[in-house]
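Here the protein sequences line up with chains L and H, keeping their order. In terms of numbering that gives the first Met the number 0, the first sequence has 67 at position 68, counting the first letter as 1, and numbering is strictly consecutive. In terms of numbering that gives the first Met the number 0, the second sequence has 86 at position 87, counting the first letter as 1, and numbering is strictly consecutive.
Keep in mind the hints are simulated off the structure, nothing from the lab. All values derive from a computational prediction rather than experimental measurement. Heads up, none of these hints are tricks.
Restricting the straight-line Cα-Cα distance to at most 16 Å, the calculated cross-link-like pairs of lysine to aspartate or glutamate (EDC-like) are:
no. : chain 1 : residue 1 : chain 2 : residue 2
1   : L       : Lys63     : L       : Glu2
2   : H       : Lys61     : H       : Glu28
3   : L       : Lys99     : L       : Glu70
4   : H       : Lys44     : L       : Glu160
5   : L       : Lys203    : L       : Asp220
6   : L       : Lys216    : H       : Asp8
7   : L       : Lys126    : L       : Asp155
8   : H       : Lys21     : H       : Glu32
9   : L       : Lys25     : L       : Glu172
10  : L       : Lys63     : L       : Asp5
11  : H       : Lys44     : L       : Glu187
12  : H       : Lys44     : L       : Asp185
13  : H       : Lys44     : L       : Glu164
14  : L       : Lys203    : L       : Glu214
15  : L       : Lys9      : L       : Glu56
16  : H       : Lys44     : L       : Glu208
17  : H       : Lys61     : H       : Glu32
18  : H       : Lys75     : H       : Glu32
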Amino acid sequence: MIEVRDIKKKFGRKKVLNGVSFTANKGEITCLIGINGAGKTTILNAIMALTPISGGEILINGEKLHKETYERVAFIPDAITMLPQMTIAEAMEFMKDFYKKWNQKRADELLSFFRLKPEERISSLSKGNTAKMNLLLGLALDVEFLLMDEPFSGIDIFSREQIAEVFTSHLIEGRGVIITTHEINDIEHLIDKVVLLDDGIVIKDFHTEELRAQEGKSVVDVMREVYRQ
Amino acid sequence: MRANFNNRDPVYIQVIRQFKEKIAAGMLEPGQEIPSRRELANQLKINPNTAQRAYKEMEEQKLIFTERNNPSRITKDEAVLRDVREELIAEAVNSFVTAVRPINVPLNEVIGMIEKKYKEEA
Chain L
0 MIEVRDIKKK
10 FGRKKVLNGV
20 SFTANKGEIT
30 CLIGINGAGK
40 TTILNAIMAL
50 TPISGGEILI
60 NGEKLHKETY
70 ERVAFIPDAI
80 TMLPQMTIAE
90 AMEFMKDFYK
100 KWNQKRADEL
110 LSFFRLKPEE
120 RISSLSKGNT
130 AKMNLLLGLA
140 LDVEFLLMDE
150 PFSGIDIFSR
160 EQIAEVFTSH
170 LIEGRGVIIT
180 THEINDIEHL
190 IDKVVLLDDG
200 IVIKDFHTEE
210 LRAQEGKSVV
220 DVMREVYRQ
Chain H
0 MRANFNNRDP
10 VYIQVIRQFK
20 EKIAAGMLEP
30 GQEIPSRREL
40 ANQLKINPNT
50 AQRAYKEMEE
60 QKLIFTERNN
70 PSRITKDEAV
80 LRDVREELIA
90 EAVNSFVTAV
100 RPINVPLNEV
110 IGMIEKKYKE
120 EA
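Here chain L stands alone, though its shape is the one from the complex (with noise of 0.2 Å):
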């Protein structure tokens, strides 16, 4: 489990997280929503300590971040972090030799699930193939939590179907997913829960199917109400 305590983070004067609690259960996907500018980038960087917070703790099966947490948790960026000169091939194994937690045996499963070729340049990726070229270099490591930032952000309607059968296949049995989304309509019913997250605190978090059985609502409906305030 992440469990996320009160965490608080200022760039200079502004405040982006003001005490955001919440937690992510391993076998559960759990969504965080809110607008641009939530803090929703920020969470993920802070789970992966990439960014110091200036109040609160995250603790990850009950213990506080330290460097071994890294074998534990990887990080799925929206952008391109590779070389952009390098292949698919390449970056594949640059993960290999960077990481002990690299699984090839699934990665090449990747790759075909994908249906990406390993000899394209990174470069030369379109918008759809470079989010699931980076989800193959997460997936592919054998760690308890993937931490996935916008993953259906900007990218054709295929490719985020593509995507979508991520979360109901066994690539991700058993392991805890946060997702970082602002657009959630095709993927309500893949999700177990949402935190829903403006200016830096949490202003509701639910499991979505306990939602529809106790209000009849749905997460779109929720986020009417507490966006349009």
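Go by the hints and put chain H onto chain L.
Using the frame of chain L, we list chain H on its own:
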């Protein structure tokens, strides 16, 4: 199996409903093998935990059964199968009556209309 689910009712309940409709219509036969939880999640594009919950609930309602490590199957219990059919019919009749009663139509007239419509559609 593919479906459009609404966003405001629990998805696991909608999944069970679909199974019941297919059982009542004979599209799923007694003893027929059904997809694994993960296959179902993939086909319906729903969360695997939701598929798991639907199957657990259907096992409790004895709609499906699982022997050891084999795939789950539709029940062969005739009483259960009959109940499913009766439940769906009763529900449909209830909602029809609820909708039609406020209009104050004499029963005979309604029955006549139902008969006519039924023949039309077939």
